[in-house]
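Protein chains: 2
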Amino acid sequence: MKSIKNIKNVKLPAPVIKRLPKYYRFLTEVYNSGTKRISSRKLAELMGNTSSQIRQDINWFGNFGEKGHGYLVSELREIISGALGVNNAKKIVIVGAGNLGKAVGSHVDFRSWGFRVTGVFDKDPSVIGSKIAGFEVRDIAGIAGFCEDNRPVAAVLCVPRTAAEETVKLLMNCGVKAFWNFSYYNLKEEGITVQNVRLADSLMLLSHGIETEKYSD
Amino acid sequence: MKSIKNIKNVKLPAPVIKRLPKYYRFLTEVYNSGTKRISSRKLAELMGNTSSQIRQDINWFGNFGEKGHGYLVSELREIISGALGVNNAKKIVIVGAGNLGKAVGSHVDFRSWGFRVTGVFDKDPSVIGSKIAGFEVRDIAGIAGFCEDNRPVAAVLCVPRTAAEETVKLLMNCGVKAFWNFSYYNLKEEGITVQNVRLADSLMLLSHGIETEKYSD
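Top line first, the protein sequences correspond to chains E and H. Under our numbering, the first residue of the first sequence carries the number 1, and numbering increases by one thereafter. Under our numbering, the first residue of the second sequence carries the number 1, and numbering increases by one thereafter.
These are calculated hints, taken from the structure and not from any lab test. Possibly wrong hints are sitting among the right ones.
One copy or any two copies: either way a pair holds, since identical chains are not told apart in the list.
In the DSSO-like style, the derived pairs of lysine-lysine whose C-alpha atoms are separated by at most 27 Å in a straight line are [to be verified]: (1) LYS169 x LYS22; (2) LYS22 x LYS131; (3) LYS188 x LYS18; (4) LYS22 x LYS177; (5) LYS131 x LYS177; (6) LYS123 x LYS18; (7) LYS5 x LYS123; (8) LYS42 x LYS188.
Given these sequences and hints, build the entire structure.
This is the structure we're talking about:
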């Protein structure tokens, strides 16, 4: 019997959660290629995982693979996309409109990954008024009023580390509860969700791998 | 007795390696603030780690803290920086000069983290000849000759996933052995060092955290 659980009631283990975006990316590709059904073995091959891990992971969402027929790609993709909320365009603001904010605002396809940018903010008068990804950069001084009107749930933090703590406090006071953190500030505040992106750390680890001739993943 | 090990002979465990960039960032900050000595307790406080973990990690590099006096900041920083090779400007090329390549080339401070960009490449005639971070974008067709002359050890991979495998093969044939991978291709090739940056995955995990109201790290 097929049965799909309500994602709100499923408490996924952290390692499973971390693999969801990869599932979503691969399933989207398979879906776009026109494939209707896929076996756990075939999906495992594509993703470079084991098929038993894939079956175990997917089992968290209910029982809906069919013995010998594999998974319906559209169904599985929809379930993973629901768990990730990628079709639910949550409002996000970009705070910090320097090189990094500009790069993130112009490059990242927020719409495809669950968000919709609603504003870009900075405190630097030389940047305020310029345009990033179609948005006029606003003065951070007006963020409280903006949040009252627009209720963004998340912020991209592109400010320097030294300004980050103060910025986070300000945003939390405005009801922002999730941070995509490109600054090097360690967010320790309670009751928020955080994803850190540490490009410099990644680059230094690459450097270390080369220096030690540790040529492996 | 003080004794510092040669980093080339130290086989660090993976979790210690992963923490090195954080040590380097914090020690640089402490160093720049003019502080001469720091205890493991104080460093732990700053970094949000435990002091025993910090002592254990640093012990891998030898024995050079002084009981009651802590570590000499400049010395400790130099050791970590040596392990990461951040002062050894290794040659790196950027492959893929679209939005992402542009963003990475313009924003990332390669010089501070162990690298020196020596060229930017693309196959798209509409991009070749344009400028990114002071470099004229070259035709990827000329990469073999360029590598023969310039011997880059690493490449930033900013090409689409579908072009990644072919690009990696080409670069490996040119002697490139390390990849900072912004594409969503899983590099499985042997004998290379890889750091993956998956911005979309990070953003989807933020989305999941918001959707499930799992407001924590």
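Hints and how they fare:
For the identical chains of this complex, LYS169 and LYS22 are inter-copy neighbours only, at 23 Å across copies versus 32 Å inside a copy, given an alpha-carbon limit of 27 Å. For a Cα distance limit of 27 Å, the shortest separation of LYS22 from LYS131 qualifies neither inside one copy, at 33 Å, nor across copies, at 33 Å. In the homo-oligomer, the alpha carbons of LYS188 and LYS18 lie at most 27 Å apart both inside one protomer (21 Å) and across protomers (20 Å), since each shortest distance falls under that limit. Taking the shortest Cα distances, LYS22 and LYS177 sit within 27 Å of each other both inside one copy (25 Å) and across copies (25 Å).
Proximity of LYS131 and LYS177 under a CA criterion of 27 Å is satisfied intra-copy only: 26 Å inside one chain copy versus 39 Å between copies. Taking CA atoms no more than 27 Å apart as the test, LYS123 paired with LYS18 passes in neither setting, with 34 Å inside one copy and 34 Å between copies. When the C-alpha separation of LYS5 and LYS123 is checked against a cutoff of 27 Å, the pair qualifies neither within a copy, at 46 Å, nor between copies, at 46 Å. When the C-alpha separation of LYS42 and LYS188 is checked against a cutoff of 27 Å, the pair qualifies only between copies, where the shortest distance is 17 Å, while the shortest distance within a copy is 41 Å.
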